[in-house]
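> Per full-length UniProt numbering: the sequence shown = residues 1 to 231.
What the hints contain is simulated information worked out from the structure, not anything from laboratory work.
A portion of the hints provided could be inaccurate.
[Claimed, not checked] In silico lysine to any residue, SDA-like type, Cα no more than 25 angstroms apart, as pairs:
(1) Lys-153 <-> Glu-194
(2) Lys-81 <-> Ile-193
(3) Lys-153 <-> Leu-75
(4) Lys-98 <-> Ser-29
(5) Lys-37 <-> Asn-176
(6) Lys-81 <-> Ala-139
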Amino acid sequence: MAKLVLIRHGQSEWNLKNLFTGWVDVNLSEQGVEEAKNAGRSLKAEGLEFDFAYTSVLTRAIKTLHFALEESDQLWIPETKTWRLNERHYGALQGQNKADAAEKWGDDQVHIWRRSYDVLPPMQDVDAEGSIANDRRYADLDPRTVPAGENLKVTLDRVIPFWEDEIAPKLKDDKNIIIAAHGNSLRALSKYIENISDDDILNLEMATGEPVVYTFNTELEVTDKKILEKK
């Protein structure tokens, strides 16, 4: 009965400032560090042991994984970082205060950009401040692969190959996996894992630093889902 644990990174400095973050690389806040450590203590109390760890290429997720593994005495396990687990790219909204964006474009429009499944945000110009066009961590990717803005549907499209190539085979081999990533990349994974409808996924929230534990049978069907309490 293989287990998969999903953890949204702890509160980031931009979460605290109410800014659209997306692919911008920001650090954890002090509260975020504690949330990540609490997640690790919850994993340890639950007796969860992992064979492989995965995270994005963004600092807030990487540090969350490390704090959680350290607190659960598993910092040594093999770890893989992948851009496919990055947060949804919020396009030209990145770096903007969410309240200011609502004032500029209207509450309804910003709500649609944030919460709809298949509506794209305004695209980010390649020359815009904060553009990832020249970020070394994406240098080996086909430029057509690097997004200028994403919705949840597009995020799911890039997460599925990661699931099929990396996660599903290991779960079928009865290996336990931990993934520390972001609200929308993990919502996309949850949608795929649980076969959640396009409408119902809009209601799924991922709390920062809160481990979600899935148990699978050999057919990769979910037999149990549990959210661990903070310790």
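> Against each hint, give a clear statement of whether it holds in the structure.
Here is what the structure says about each hint:
Restraint check for Lys-153 and Glu-194: satisfied, since their Cα atoms lie roughly 15 angstroms apart, inside the 25 angstroms limit. A hinted pair counts as satisfied when its Cα atoms are at most 25 angstroms apart, and Lys-81 with Ile-193 qualifies at roughly 20 angstroms. For a cut-off of 25 angstroms, the pair hint linking Lys-153 to Leu-75 is broken: about 33 angstroms separates their Cα positions. Pair hint Lys-98 plus Ser-29 holds up; C-alpha atoms about 18 angstroms apart against a cutoff of 25 angstroms.
For the suggested pair Lys-37 and Asn-176, the alpha carbons sit about 20 angstroms apart, so the restraint of at most 25 angstroms is met. Of the supplied pair hints, the one linking Lys-81 and Ala-139 holds, its CA atoms being roughly 15 angstroms apart against a limit of 25 angstroms.
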